[in-house]
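2 protein chains.
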Amino acid sequence: MADMQELVTVALDAMGGDNAPGEIVRGAVDALNGNAGVRVILVGRQEEIEKVLAGLGNYPKDRLSIRHASEVIEMGEPPVNALRRKKDSSIVVGMKMVRAGECDAFITAGSSGAALAGGQLLVKRIKGIERPPFAPILPSAKGPVLLVDCGANMDPRPSHLVQFAQMGSLYMKNMCGIESPRVAIVNVGTEEEKGNALVKETYPLLQACEGINFIGNIEGREIPAGGADVVVTDAFTGNAILKTLEGTASVLIHGIKDSIMQSTLTKIGGLLVKPALKDLLRKFDATEYGGAPMLGLTGLVVKCHGNSTAKEIRKSIEQCILFKEKRINEQLAEAMAPEPAE
Amino acid sequence: MADMQELVTVALDAMGGDNAPGEIVRGAVDALNGNAGVRVILVGRQEEIEKVLAGLGNYPKDRLSIRHASEVIEMGEPPVNALRRKKDSSIVVGMKMVRAGECDAFITAGSSGAALAGGQLLVKRIKGIERPPFAPILPSAKGPVLLVDCGANMDPRPSHLVQFAQMGSLYMKNMCGIESPRVAIVNVGTEEEKGNALVKETYPLLQACEGINFIGNIEGREIPAGGADVVVTDAFTGNAILKTLEGTASVLIHGIKDSIMQSTLTKIGGLLVKPALKDLLRKFDATEYGGAPMLGLTGLVVKCHGNSTAKEIRKSIEQCILFKEKRINEQLAEAMAPEPAE
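Residue numbers (my numbering), protein chains in the order written: chain B, 718 to 1059; chain H, 718 to 1059.
Everything labelled a hint here was simulated from the structure, so no lab data went into it. One or more hints might be untrue.
For identical chains, the list gives no copy identity; a pair is met inside one copy or between any two copies.
As the list claims (entries may be wrong) - In silico lysine-lysine, DSS-like type, Cα no more than 25 angstroms apart, as pairs:
no., residue 1, residue 2
1, K1043, K1028
2, K859, K974
3, K768, K859
4, K1043, K859
The structure displayed is predicted, hence computed values, not measured ones.
All chains should be modelled from the sequences, with the hints used to inform the complete structure.
Right under this line is the structure:
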């Protein structure tokens, strides 16, 4: 039996997302079977969770437990109200477990708004961090790219973007092993003098920021091409970029698959091309990289896509293991600590 | 011989873009050969233009002329300075021809900044229009989608976005024959209460705006899926969306082509799949829809991609013909006229 002291403990919202609880529970079991160093606590309605578990094969029972939570926050509910009203919802219970140190991370595929508000209101920020951003991995031709922020801070200040750059660098260095991650800010051109008011104010601050490899502006076109490792922007623009990229990739990939299914000849052609296409399709598979971590909280909160399947849940659990092993939060706390008063 | 009175006259920046003057001049000749109702004036260095023309085949010489302009505004030059300093540049000369009514439209694949500033400073606005936006067509799974604004107004006011919605509706109704174009505003979710400060202020104004079919918020994901006909946003976000969509499509389409070229087997497979793929690839071909018109100026200004080839130039000229035939500017002037004082 594994030493419980050394295990990474992940709480998982079993009720969140379009495919809950089935795919969520399946993802947890897959992650447990594939990773000896993790313990999962499924948060949600015990009876429903047990029903799914009963239909699954073997799994390490000593590393899987259920924390009953009787309520569910629905996608359309106003988040702050929902958090106040549904104290026994899976999201509120899971967030409080993070805050209390009962687990290292909480993963949900449920309401983005509730995940965001819950992170801000129920889980404490690391000292020195002004605004925790959502930082998902984007697919690109050259591999993973971190986008900060993609949904948390709609009208941020320049100092917030500078912190996004610092946190994003530290994350990509440790999680993806990139020695000196290239940091860029989203702009409408590559020339220094371009942009809206926010970018014009932020640019010189990023130039002056020590400890990051700031390479200047990046246009939307260069993001899927892999022109930077960390892409910094406000949450509104980031959200538009993330969803446009995922939407375009999805439309094209589905279009390719539909084309291949059109006739016997195209099906044969598809079989011949498929092995060569596989690598490209995998690179642009949004489920490949897990969910979007909210950086800068005392524990990790990860938001998965609403339509997550078992695979994205498993990848997100593995992301939490690496996050803990690499001691990202300890490093963030050290790097972002406020200057001591003289 | 065609009646000169009825021809649409298009001035074309022969010096702008990565492939000038060769591809630009070729695009003009292709457009002339394919469309009897247009006259093209090539603006730029006469000698260089004549050299390209000498290498081309037959074309209707009575409908092609050259307006000599000795200077060229380079891509990196600060636009306002460049417009002031280079009075004999192709962009300044072309813009002044629009203002003077010597032509109906001016097309350039040169500096975006100079096209933008030139439109604002050298060509007059239609009375009642506060801020002319750039409005390119985006490809989508369901056909063309108009994105307003994508580069002109970085920090717009809510009233500007309302005008973008009105102008965009009129444009799509006439140019694409959509009876009641669906207008949406870019947001981070579909719920009414979401968004940044600008969207929250603009949303109720769009709801109250008569004469448009406002369908609410649209997320980035739904844009390539064709979830609206007119997508309204600030220029900063619009630019990020346009370029992310084009960049993602480009990376994937190149990736598919590379995969097909990998071996003899994949090449055979590619031949079998290609006819079925053709329609999809054409839909997401950025050159298919011409350039981005700047709406609300007394004459039409169209900005093409910097890497435009003859095909995009020809499509843009055809776009100018339709714009004139449909009397878009006359309709805009009528629809957007300021309320008369009592």
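Hints and how they fare:
no.: 1; hint: K1043 <-> K1028; verdict: within (22 angstroms within a copy, 52 angstroms between copies)
no.: 2; hint: K859 <-> K974; verdict: both (23 angstroms within a copy, 17 angstroms between copies)
no.: 3; hint: K768 <-> K859; verdict: neither (42 angstroms within a copy, 42 angstroms between copies)
no.: 4; hint: K1043 <-> K859; verdict: within (23 angstroms within a copy, 45 angstroms between copies)
Hint 3 from the list above is the single one not met by this structure.
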